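S.K.: The residues making up each chain are set out below.
Protein chains: 2
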Amino acid sequence: MSDKIIAIDAMGGDNAPIETVKGAVLASKTVKYGLALVGRENVINEELKKYSYDADKIFVVNADDVIENCEMPTEAIKNKKNSSMVIGLNMVKDGQAVAFVSAGNTGALLTGATIIVGRIKGVKRPALGTMLPSEKNRVLMLDSGANVDAKAEYLVQYAQMGSVYFENVLGKDNPTVGLINIGTEREKGNAMVKEAYSLLEKANGINFVGNVEARDITLGDVDIVVCDAFVGNVILKVMEGLSKTVLRILKKALMSNLRSKIGALFAFPAFKKIQREFFEYDDIGGAPFLGLKGLVVKAHGSSDAGAVAGAIKQCEKFIDGDIVNKIAERL
Amino acid sequence: MSDKIIAIDAMGGDNAPIETVKGAVLASKTVKYGLALVGRENVINEELKKYSYDADKIFVVNADDVIENCEMPTEAIKNKKNSSMVIGLNMVKDGQAVAFVSAGNTGALLTGATIIVGRIKGVKRPALGTMLPSEKNRVLMLDSGANVDAKAEYLVQYAQMGSVYFENVLGKDNPTVGLINIGTEREKGNAMVKEAYSLLEKANGINFVGNVEARDITLGDVDIVVCDAFVGNVILKVMEGLSKTVLRILKKALMSNLRSKIGALFAFPAFKKIQREFFEYDDIGGAPFLGLKGLVVKAHGSSDAGAVAGAIKQCEKFIDGDIVNKIAERL
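So the protein lines, in turn, are chains A and C.
To get the numbering used here, take the position in the first sequence, counting from 1, and add 10.
To get the numbering used here, take the position in the second sequence, counting from 1, and add 10.
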């Protein structure tokens, strides 16, 4: 087995352990590192029986407990030492694993990662990066969930960490960085954002291109956008809600009469193509939590095997790119 | 002529004066109040010649100057005393008009309205209300553009003012109010939002139902949502950008081969129906700026005659509902 291990929270997410185990088996066919499935041993082994896989690449680490989605983050991390999440995070801390992927409780994962794995020296706040759909390439948004009361100086670090990730995992040199704002002019925004603008202008190691209005994110003209986590979460959720609403009313309109039903039948492959290219996440994996002394990736709660496999594959690039050390150098 | 006058900024917006004048003529056919078109007299009169209309209901107020979209709000209001916007706002202040509708520079309109028309006694900050599309009825969001550094106590007043508007203009008693947040649990959010939650719970004159995640706004289960203007602007802009992006990629996908082209042809009326019902704004008019001693309505910059007419018709309901006095009583 490879000396490097990626740990996977087999019990985290809406479709665990069925899809998490299946995803790990899928990923093991191409990923060169070993995969540790963390969770209830008997349950995971039952799932593994369904597949043929390279036993040198997948193994199980027992964890009796599970952190549920409804639990309060800090209490859950403190009280459930034998949960798959806490054990997985400790594997990263202790060097037994180089990365941990979980589709479980987001708040608990972010809190646990910060407490257990710890921040890179100099990082003020780790940030969650999410790849957003656009008309061109995917756009990396930070922070999409970690710090809801961000200071301007955090946003500068988000830009620097995001640039390292973009260059080394997504393979584009000197990616452009935009500040999410309510207008393109430099004097726009609230007090924090105005301060962030002037700090970003002077910051090293980033290619800052100014303000980006939220309506222009999906044009895909800027590679990385930075904002506080409250705004980032709102952007993600509006995209999710509006997409679903538009698809539902489209479906309803298309089913309303014979003519449109015929149209829908003919147009169906085109719809599927959009849905796959624009709204599905298998190809991009999970959201990296940047700024920690190891890699922690949040997979979407409703991840299926394909999405879990995508998140695991993304870890390989992160590890090979030596992101943790490069972030430390960039700040 | 009616003793009550609605003033219209004939020069404001991307399609002024052609669509603003046409919109006023359209509205004059049903609105019982007089309509004053404010702007360059000769230009407006040229436009008016195109139509037959009741000369008792439409008249022109000359204004030599125009505030452009690129101008800084405070300077523009201070320096362009003879602009259509400043003259229209002064008509409201002086009681010559009961309402002013403009599709011009948003920042200048909000600044000018606050300075010239002035706040209702007790209102801390006037707020811009926008009607968002949803799967059920339209949802009123405040603040969608006025105060980017809002305090928790402002949000309580937004909820109260929005409730008065909803009851009297949209005709629904005891409308529900939600706080836009990053989760539904009461302990979620940034510092300002957490404080707003506890104030909203105790506030009079509103039907507060708790947090609403941004993805659930378009479900339409809550009538009114409140947030600071930075978040409100981001929500509006993400909706605008994503809708356009989805329509563009849908069109591209449908035009990609013969089969999907046939589908598009049959499905076309259904698409048009969605676009009309979900994304067009003629039926809802403009965004009311609530909390002032008179009515000021911001119409979308790209308003056509139908949207201008919608905004004017909405003023009639506002005036008949005696909203200014009812807001003063509610706080």
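Don't take every hint at face value.
If several chains are the same, the list does not tell them apart, and a pair holds so long as it fits within one copy or across any two.
Think about it this way: if two alpha-carbon atoms lie no more than 27 Å apart in a straight line, the pair counts; the simulated DSSO-like pairs of lysine-lysine are [said to hold, decoys possible]:
(1) K88 / K204
(2) K283 / K254
(3) K91 / K198
(4) K182 / K103
(5) K254 / K198
(6) K146 / K14
(7) K254 / K336
Quick caveat, the hints were computed from the structure, so don't treat them as lab data.
All of these numbers come straight from a predicted model, not from anything done at the bench.
S.K.: A separate judgement is required for each hint: does it hold in the structure or not?
M.R.: We went through each hint and held it up to the structure:
1. For the identical chains of this complex, K88 and K204 are inter-copy neighbours only, at 24 Å across copies versus 38 Å inside a copy, given an alpha-carbon limit of 27 Å.
2. For a Cα distance limit of 27 Å, the shortest separation of K283 from K254 qualifies both inside one copy, at 16 Å, and across copies, at 17 Å.
3. Only between protomers do K91 and K198 lie at most 27 Å apart by alpha-carbon distance; the minimum there is 24 Å, versus 46 Å within a single protomer.
4. Within a single copy, K182 and K103 get their C-alpha atoms no closer than 30 Å, and across copies no closer than 56 Å, so neither meets the 27 Å cut-off.
5. Taking the shortest alpha-carbon separations for K254 and K198, only the inter-copy value of 24 Å comes in at or below 27 Å, while the best intra-copy value is 31 Å.
6. Taking the shortest alpha-carbon separations for K146 and K14, neither the intra-copy value of 34 Å nor the inter-copy value of 52 Å comes in at or below 27 Å.
7. Proximity of K254 and K336 under a CA criterion of 27 Å is satisfied in neither setting, with 38 Å inside one chain copy and 38 Å between copies.
Comparing the model with each earlier hint shows violations of hints 4, 6, 7; every other hint is respected.
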